[in-house]
Each structure stands twice: as C-alpha cells, then as structure tokens.
Amino acid sequence: MIGEFLVEMRNISKSFFGIKVNNKINFTLRKGEIQALLGENGAGKTTLMNMLTGVYFPDEGDTFFKGKKMVLNFPGDALSMGIGMVHQRFSLVGNLTVFENLILGHPKNKFIINVAVEKILIQKYMKQFDFHINLDAIVDELPIGIRQKVEILKMLVREVDVLIVDEPTTVLTKQEADNLMQILRNIANSGKGIIFITHKMSEVFQVANSITVLRKGEKIATVNKEETTPNELARMMVGKEHNTTFNLPKTKKIPEILKIENLFVNSNNGVLAVKNLSFNVAGGEILSIAGVTGNGQIELADALTGNRKVGSGNIKFKNRDITQHSPKKRIDEGISYIPGDRINVGVAGNRSVWENLIMKVYRLPKFKKGLLLNNVKLKKYAEKIIQKYDIMMPGINLPALLLSGGNLQKLIIGREIERDCDLYICVYPTRGLDVGATEFVRNSILNLRNKGKAIILISGDFDEIFGLSDRIAVMCEGKFTGLFNNGDYSLEQIGLMMSGQEIENLEN
Amino acid sequence: MFRIKLEQKERVSKQQELIINLYAIAFALILSGIFIALNGANPFVAFWKILTSVFGSRYGFSETLVKSIPLIFTGLSVAIALNSKIWNIGAEGQLFFGAIFATAFVIYGPVLPRPLMLTIMVLLGMIGGAVWAAIPALLKIKFKMNEVISTLLLNYVAINIADYFLFGAWKGKDNFPYTPEFPLEAKFPRLNFGRVHFGFIIAILLVILLYIIIYHTRMGYKLRLTGSSLKAAKYAGIEIKKMMFLVFLISGALAGLAGVGQICGIEYKLHQHISNGYGYTGIIVAWLARSNPFVIVFFAFFLSILLKGVDSLQIVMHLPAAVGVIIQSLILFAILGGELFKNYNVQILRRK
Ligand SMILES: Nc1ncnc2c1ncn2[C@@H]1O[C@H](COP(=O)(O)OP(=O)(O)OP(=O)(O)O)[C@@H](O)[C@H]1O
Ligand SMILES: [Mg+2]
Chain A
1 MIGEFLVEMR NISKSFFGIK VNNKINFTLR KGEIQALLGE NGAGKTTLMN MLTGVYFPDE
61 GDTFFKGKKM VLNFPGDALS MGIGMVHQRF SLVGNLTVFE NLILGHPKNK FIINVAVEKI
121 LIQKYMKQFD FHINLDAIVD ELPIGIRQKV EILKMLVREV DVLIVDEPTT VLTKQEADNL
181 MQILRNIANS GKGIIFITHK MSEVFQVANS ITVLRKGEKI ATVNKEETTP NELARMMVGK
241 EHNTTFNLPK TKKIPEILKI ENLFVNSNNG VLAVKNLSFN VAGGEILSIA GVTGNGQIEL
301 ADALTGNRKV GSGNIKFKNR DITQHSPKKR IDEGISYIPG DRINVGVAGN RSVWENLIMK
361 VYRLPKFKKG LLLNNVKLKK YAEKIIQKYD IMMPGINLPA LLLSGGNLQK LIIGREIERD
421 CDLYICVYPT RGLDVGATEF VRNSILNLRN KGKAIILISG DFDEIFGLSD RIAVMCEGKF
481 TGLFNNGDYS LEQIGLMMSG QEIENLEN
Chain B
1 MFRIKLEQKE RVSKQQELII NLYAIAFALI LSGIFIALNG ANPFVAFWKI LTSVFGSRYG
61 FSETLVKSIP LIFTGLSVAI ALNSKIWNIG AEGQLFFGAI FATAFVIYGP VLPRPLMLTI
121 MVLLGMIGGA VWAAIPALLK IKFKMNEVIS TLLLNYVAIN IADYFLFGAW KGKDNFPYTP
181 EFPLEAKFPR LNFGRVHFGF IIAILLVILL YIIIYHTRMG YKLRLTGSSL KAAKYAGIEI
241 KKMMFLVFLI SGALAGLAGV GQICGIEYKL HQHISNGYGY TGIIVAWLAR SNPFVIVFFA
301 FFLSILLKGV DSLQIVMHLP AAVGVIIQSL ILFAILGGEL FKNYNVQILR RK
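Chains A and B supply the protein sequences, listed in that same order.
Take the first sequence: its position 94, counting from 1, is numbered 94 in the working numbering, and each next residue is one higher.
Take the second sequence: its position 242, counting from 1, is numbered 242 in the working numbering, and each next residue is one higher.
Read the hints as simulated data drawn from the structure, not as lab findings.
Computed from a predicted structure; not experimentally measured.
Treat the hints loosely; a few may be bogus.
[Stated by the list, open to error] Below 27 Å or equal to it, Euclidean Cα-Cα: the simulated DSS-like pairs (lysine-lysine) are:
id : chain 1 : residue 1 : chain 2 : residue 2
1  : B       : Lys14     : A       : Lys380
2  : B       : Lys242    : A       : Lys366
3  : A       : Lys328    : B       : Lys5
4  : B       : Lys14     : B       : Lys173
5  : A       : Lys329    : A       : Lys377
6  : A       : Lys329    : B       : Lys14
7  : B       : Lys231    : A       : Lys380
8  : A       : Lys388    : A       : Lys368
9  : B       : Lys5      : A       : Lys24
10 : B       : Lys144    : A       : Lys309
11 : B       : Lys242    : A       : Lys369
12 : A       : Lys328    : B       : Lys14
13 : A       : Lys318    : A       : Lys360
14 : B       : Lys231    : A       : Lys309
15 : B       : Lys5      : A       : Lys309
[Claimed, not checked] Label pairs and their computed distance ranges (CB to CB):
id : chain 1 : residue 1 : chain 2 : residue 2 : range
16 : B       : Asn146    : A       : Thr229    : 54 to 62 Å
17 : B       : Ile4      : A       : Asp130    : 50 to 58 Å
18 : B       : His216    : A       : Glu383    : 17 to 25 Å
19 : A       : Lys388    : B       : Ile348    : 44 to 52 Å
20 : A       : Gln324    : B       : Leu153    : 36 to 44 Å
21 : A       : Lys20     : B       : Ile348    : 52 to 60 Å
22 : A       : Gln324    : B       : Gln272    : 44 to 52 Å
Just so it is clear, CB atoms sit at the ideal spot from N, CA and C, and this is done for glycine as well.
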C-alpha cells in the first residue's frame, strides 16, 4: 500500500536568534504512509513542518517533492503544490460558515463561485473520507473536535497530496480522537501521505506506519512501527524512561470551597450551554469533568471565573455569593484559571514572555514601587517560573507567540499554579505537553490537592481523569449525566454517560 | 530573471521597524523628487531649499519647532489610541473642541492672574478634547460602531461648531470670523526662541510622563495587554471597556492640548485655520513612531520640516502648495507598503 516517495527533506537546518532549532534533519514521506513525528516540547517538530510548507526557509538543505526540487517563494506556494498543514493554532475564520471557510482562498474560486456545484463536490469528499459536518454551521459555534475536522476537510478540498496535522488530538476525547484517526487512515489509504505530530504514544501505535523522533533539534531515528516499542521511543525522545502512575493519598477534606446552585449559562450564540447545574467542590479534592468537547465545559469554566455572564443560578465561593463578581474580583478572591483557548485567551501573544507571566500578580502590593511598578522584581518573578517549569524560550523579552505550543502551555500552567489560590480551574491542562512535562504538571496539580486546594479538572484524557480525580462528573449537552466517586464506574459506562445516558438508567 | 521570496517573520524588533520606516521615507522622498521634477523644478534644489529654509536660519528653525508642537500632541494622541488598537482619526476635531472650550473661558470667564488663567485653559482644552472623543468611545463601546468612521465624521461636526461660534456669538468687532485677541493673561509665555512657546515644554513633559505611564505603571501594563489582545486582557481581570473609554479620553485630551497650544501660543485667538491639518498629520507621526513616545518627538519634528519647507518652496520656487500634501501622502503610502517588510523577510534572487 505504501508507495513511492512524496517528500524528501535533506540536511535541513534552521536557527532562530542563533539557536539551532533544526540541525541537519533528513526526513522522508511516502504515498499512503502515516508518519508520526515525535519529540519533546520545543524539539523542533513544528518548525520542521513550517519549512516544508514554506512558512520559514531553511538555512541549509533541500526539499524534494515528488522527485523534484521544491522552490517555495510565497506563503501559499506549498499549498498550491499539494502540501497542506493543519496548525496547532487554528486558522479558520470564526464568523463564517463551514462552507465559506472551505472555499475561502481556493485559487479556483477567483471571481464566480457556483455554490451548488461546490457543495456537491464537498459532499463527495465528506462521503469518501467519512466526515459528518453541517456545511452551513458557523465555525465559532462548533466544538473544537469538529473545527479540527473542518481544517482537515479544507485541505482535502484543496486536493493536497501531503497532509500535515500538528497535534490534532490534544483536546479531544478518546472517541473523538479515534474517529479522527480513522479519518486519517482513510485519507492515507486514498494514496496521500500524512505527517502526524503528537505526544500520545497510544495514538502513534494506533495509526502510524513509521515514526520519526526529534530531540533538541536533532533527528534521532526513523523506525517502523512494527520494529519498536513505546519504551524505546520514549528513550529516544528524552533519553530516559518515564513511568506515570499516581497515587492519591487521603486528604482531609475541607468542606465546600465552591457551591453551584441551579446554574444556567448561555453560549456565544445565545443557546443554553449549561443547563441547571448544581454541584460542589471541597478543599483537597479534584473533581474532573469528562465529556466530549463542546458540551458546555468551557462555558461552565468561563462562568465560574467571571469570563462569561451567568444566565441564572448562584455561584458560592468560600461561602460568599460571587455570581456577579468581575473576573478581576474573582482573581483577587483566589480563583485560578487555566483556560481552554491558550493562544487567544491564555496569553497576549505579541507581548513579551515576562509580561505574560505576571498577568495575575502585577497588582500585588509587593510589586509596587511608590506609584510605579517594580519591573525588576516582576521580571525576577517571571524568571523564577521559567526555571521551575522548565519553559524553553528564545528570550524573556521576546513575544510569547514565539514559544512552541507546549512551552506556551507551560507558561500558562506555571503562571496559574504558582499563584496561591483556593480554587484552581484547569481546562485541558496537559494539552500539547510532552510526557515529562505532563507528568510534572499532573504532579503539581496533585500537590495542590494535597495542600487542601479545590480543583476542577476539565479533560478529555482518561489516564488523567482516572489518575487524578477524587470524583468524576460526566457532562453532556450542558448537564451532568453522572457524578460519582472515581472508581465507581467503568470507562465503558462513562462512555455511555458521555453520549447522554443518565447514570440512573445504566444497568449495573 | 528574478524571483521574489517571502518568508514569514513573527517578530521585528523596534529598531528594525524604525529602520524600515526610514527606508520608506527615503523611498517616498525619491518619488516626491520625481514629482517635483515633473513640475519643472530641480528636485535637488528643492530639497536643498527645504533644508536651508529650516536649518539655514534661527527664524526657520524656530518656526519649524513651532509647527512640531501641535504635531507632538496629536502624534501622542493617535499613538496612545493605536497602542490599544483604536484608530483615532478624530484628533483634528478634538483639537478644535479643545480650542473651543479654552476660548469659551476667555470670552465668558473672568480675567485671572496669568498662571491660573493658563492652567484653567489647559485643563479646559483637555476636557474639550476628551468630551469630543467620548462620543465615538461610547458609540464603540455601547453600539460597536467603528471608530474610524465616527471619529472622522465628528471632525467635520467639530469644525462646524467652531464656525457656529466664529460666525455668531464670538465674531470679532470687524465682522470677520475670528474672536478678539486674547488678553495677555491667556497667552503662553515665549521661550526666547522665535515664536516657540510654553506649549513645547508641556509637550516634552508629556512625552516623558507618557513613557513612564506606559512602561512603568499598572495602568500602562493594562494598556499594553489590552492593546495586544482584548480576550487575554479580559481574562487577566482588566475591565476592557473601562480601559478603552479611558484611552479615548486620554487620546482626546492630548489632541485638545494641541488646540490650546495653537490659540494660546501662536494665534492668540480662535479662528478657522488654527490647525493646518495637524490632526491628520498626527496620524502619520504616530504610525511612523509606533508606540515609543520619544520617537514621536523625532518624527513630529521631521514632518514639521516638510510642512515648513514646503511653505517656502511655494514662495521661492513657485511650486503648488499641494506638493506638501503629496509628499506626506507618499510617505504614508511608503510606510504602509513597508508593512510587508515587517511581516516578511523578502529576498530577491536571480532565477537559476
Ligand atoms: N519564529 C521563531 N522565532 C524564534 N524562536 C522560534 C520561532 N519559532 C520557533 N522558535 C523556537 O524554536 C524551538 C522549537 O519550536 P517548535 O515549535 O518547532 O517546537 P515543537 O517541537 O513543535 O514543540 P511543541 O511540542 O511544544 O509544539 C522553540 O524553542 C521555539 O521557541
Ligand atoms: Mg509544535
């Protein structure tokens, strides 16, 4: 099934600010092949792919596409030649429909667009690769899982031969991810080549044919799936093995830090996203909220932190009603928030790394110097977090958007966890983190719990949910279909709850 | 023969940005030279005349400084808004409104001791500008109305309001549309250098003050975050609507100061031509200097060289007054074109 070479990158090197991010990398991809690209955060995966798609030019080395040397001049060139990439940060236009996004920028749609014909064509692709998307939906209103698929569909409509997907499954639940990987398989089987960047070993073994490992800008090896093991790959990536087991020591529960009563919250388009939720979280407890993306988890988190208006109902925090409090007030009262949208919400991308690290603390009296801010002290504070959380970055004064996806996530985590709060709301906290960083973050969250903090963990990753939670809530269409102690229900049963079955109706 | 390569750049340093702008100016000046040549004049002589008219005499230099005072104010006004991604095209109108407020005090208020009188006029001018900027601010915050359009249109309204007073209640004794000359108490002292007046000192102090505010205070940090990303700022606990409103007010107040400077420092009365388009030229100044208040002083001076120089071209070389406007527009276009170089590494290669 695997055919001739599609892509050959030879001796590719790239430096930023004098730091070699890619060093003499050789990389090949064949027809019908899914190749996983593996490596720690900041290893240079995205950068390498950015050179394949002409976003950056290599300092040295050549790239061959279908046997011919590739000459890329303008940012859109690679796409029109047949190499498309779905980025870590999405590039869809939020307030347009799916259909409009799909035809936007397609070179054949210069002046006149025959909507009916185009739609039929797109339907054909959807059928061929097993997509189910409403073409007339507004992109902003779609859950991330679907948006991800729209991005991929967009590439297929452009008839790419090589599809690069950069960490597409980070916020997806197992089912969503499985579905996505099935689609990737279908696409590869149709004779295209796929490069799949991920940090999840299980996905690598589920779908990839071969695996290339990068470490600190160097290529370590390319191996066939059959000839390797997860442990071997992990060793190649970091030079040592990880074992990730957690134990939850008994904590003495501090009664109710957070109490939610009959909460209703609207989504952006005015539809009810959270429907009549009531629950509470105690100190020293991790409550996980599991669910398919787009079932109201984000709206709930936004409402708890004041970033979204509450329709009706009450939020009580440390026995005080904070339903109407501003985000600022809630920050001061001791609510920490790792948001789901790290690029647009979690950081101000073109401000510097240090300015982003002090977002939640700059108002503290200890950082004041008379009427002024003590920038020196603030920078020191930022540096401390950078060291502690091992954030790789080209410079503390450079804009945050230059950080690799995982390092950006570390920045946010460090900022939010370092601050002493009573309630931590963590949305997909380990998304895009490599194995080592994931372990570190999960341990940090556990530490908070053991210190008596209340934690709400919104996640799609069941290793994380089973490993960390005291209690698990399953959210579907704005409601909890189940809320139970960790261990009371099996993965299968949780899957049923995620698809809408109430816990009472499960046969035990 | 040749091909052009574009590589995305995620970041340009402030210095690079400045250098690109200087190139853009050079490019615009070359084009202007061609234009001058087409008008039958020698461009080298013309540029030389511009330079000598500014640097050749104490008078020329002081007059150039005089023109740069309102440009510093309007430049700061537009820049501080731009820093928060707000386009204030309305500095011209806010300048007039500041002038109207300050003039009203001269006409209706008592004559007070000079320092007190001037302080009140300065404050009123700032309030006037801020009031005029508050309208587009509210329209934007309450009704999401695009401020480019509202601020621009309000310029015409402000100028017409000035006319309303100038042709009506404030008309001078000789029936021309200007107010009577202000009393001495309402005139800025001069700095012993031509017509350069106290407004220059206010401008320089403001530049320093704004620099400190933007980079060394909580308020400035909030401004920086808001300017970078509204969503992130909101998430960080910043009340972004309040912040935007405040930015509009500050921006308007700065433009209002330009108006006060003109009537108290130069004209000593309110009339229709106190501005000379300073509100619009301020946009170019702000765009050239981007966020750095100190660089604004430099570019304000640069553009006043053009303004002053072109005045004398008209007289000495009989070139049309429009030359000045054309040079300014070419500069603006060149800078906007230069954006490409800020976002991409452009390489020109010989085809193999
Ligand atoms: N435009 C840029 N300017 C400066 N440094 C950059 C730029 N782009 C990437 N880098 C740096 O290059 C390194 C590699 O980044 P890259 O995004 O390729 O990592 P990655 O392997 O994709 O990591 P992750 O798994 O975290 O996404 C990082 O240290 C990053 O900060
Ligand atoms: Mg990456």
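Quick rundown of the hints versus the structure:
1. B/Lys14 / A/Lys380: 23 Å, holds
2. B/Lys242 / A/Lys366: 25 Å, holds
3. A/Lys328 / B/Lys5: Distance ~46 Å between A/Lys328 and B/Lys5 Cα, so the pair is violated.
4. B/Lys14 / B/Lys173: 53 Å, violated
5. A/Lys329 / A/Lys377: It holds: about 24 Å lies between the C-alpha atoms, which stays within 27 Å.
6. A/Lys329 / B/Lys14: 35 Å, violated
7. B/Lys231 / A/Lys380: 26 Å, holds
8. A/Lys388 / A/Lys368: 24 Å, holds
9. B/Lys5 / A/Lys24: Holds, because 22 Å separates the two Cα atoms, which is no more than 27 Å.
10. B/Lys144 / A/Lys309: Holds, at about 19 Å.
11. B/Lys242 / A/Lys369: Roughly 24 Å between the alpha carbons, so the hint for B/Lys242 and A/Lys369 holds.
12. A/Lys328 / B/Lys14: 32 Å, violated
13. A/Lys318 / A/Lys360: Holds, at about 20 Å.
14. B/Lys231 / A/Lys309: Cα-Cα ~15 Å, so holds.
15. B/Lys5 / A/Lys309: 48 Å, violated
16. B/Asn146 / A/Thr229: 54 to 62 Å: Holds: the Cβ-Cβ distance is about 59 Å, inside 54 to 62 Å.
17. B/Ile4 / A/Asp130: 50 to 58 Å: Taking Cβ atoms as reference, B/Ile4 and A/Asp130 lie about 41 Å apart, which means the hint is violated.
18. B/His216 / A/Glu383: 17 to 25 Å: Cβ of B/His216 to Cβ of A/Glu383: about 19 Å, so the range 17 to 25 Å holds.
19. A/Lys388 / B/Ile348: 44 to 52 Å: At roughly 46 Å between Cβ atoms, B/Ile348 and A/Lys388 fall inside 44 to 52 Å, so the hint holds.
20. A/Gln324 / B/Leu153: 36 to 44 Å: 37 Å, holds
21. A/Lys20 / B/Ile348: 52 to 60 Å: 27 Å Cβ-Cβ, so the 52 to 60 Å window is violated.
22. A/Gln324 / B/Gln272: 44 to 52 Å: 51 Å, holds
The structure shown violates the earlier hints numbered 3, 4, 6, 12, 15, 17 and 21.
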